[in-house]
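When we follow my numbering, the leftmost residue of the sequence shown carries the number 2, and every step to the right adds one.
Hints were generated in silico from the structure; no laboratory data involved. Careful, some of the hints might be misleading.
What the hints assert, rightly or not - What follows is a set of in silico ranges between Cβ atoms, one per label pair, in the way DEER data are often shown:
# : residue 1 : residue 2 : range
1 : Arg-89    : Trp-59    : 40 to 50 Å
2 : His-22    : Leu-71    : 19 to 29 Å
3 : Ala-46    : Leu-79    : 20 to 30 Å
Positions of the beta carbon are idealized from the N, C-alpha and C atoms, including for glycine.
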Amino acid sequence: MSTPARRRTCPSLSRQHPAAHRADRSVRRAGRLLCWSLAAGMGGAATETLLHPGVIWWSLLWPLPWYLTLAGILTWSLLRLRERAAHRQPEDHDDFQTREYGQAA
2 MSTPARRRTC
12 PSLSRQHPAA
22 HRADRSVRRA
32 GRLLCWSLAA
42 GMGGAATETL
52 LHPGVIWWSL
62 LWPLPWYLTL
72 AGILTWSLLR
82 LRERAAHRQP
92 EDHDDFQTRE
102 YGQAA
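Full structure from sequences and hints, please.
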């Protein structure tokens, strides 16, 4: 029988700043909230279509997951943009040589 391997961290993740880890985690959580609210909205819509509940509170409750879905889309997209901006590599300003020496032949 083999022994379980030790868990190693990914080198690219270990070099990141702790704030980047928090951003990654918040993007994942916002994505999960978005998926679950979308699933709850679809379940509520199916219940509304198939069962036609007649209780008073149902008309107030079933649109709630759709509002959460909209808020989740906005939150996730803003966090994802922020995460991508944090992971963007700094631009190299290699135009120093062209400014100093002019254009190459």
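Okay, which hints does this one fail, numbers in order? Violated: none.
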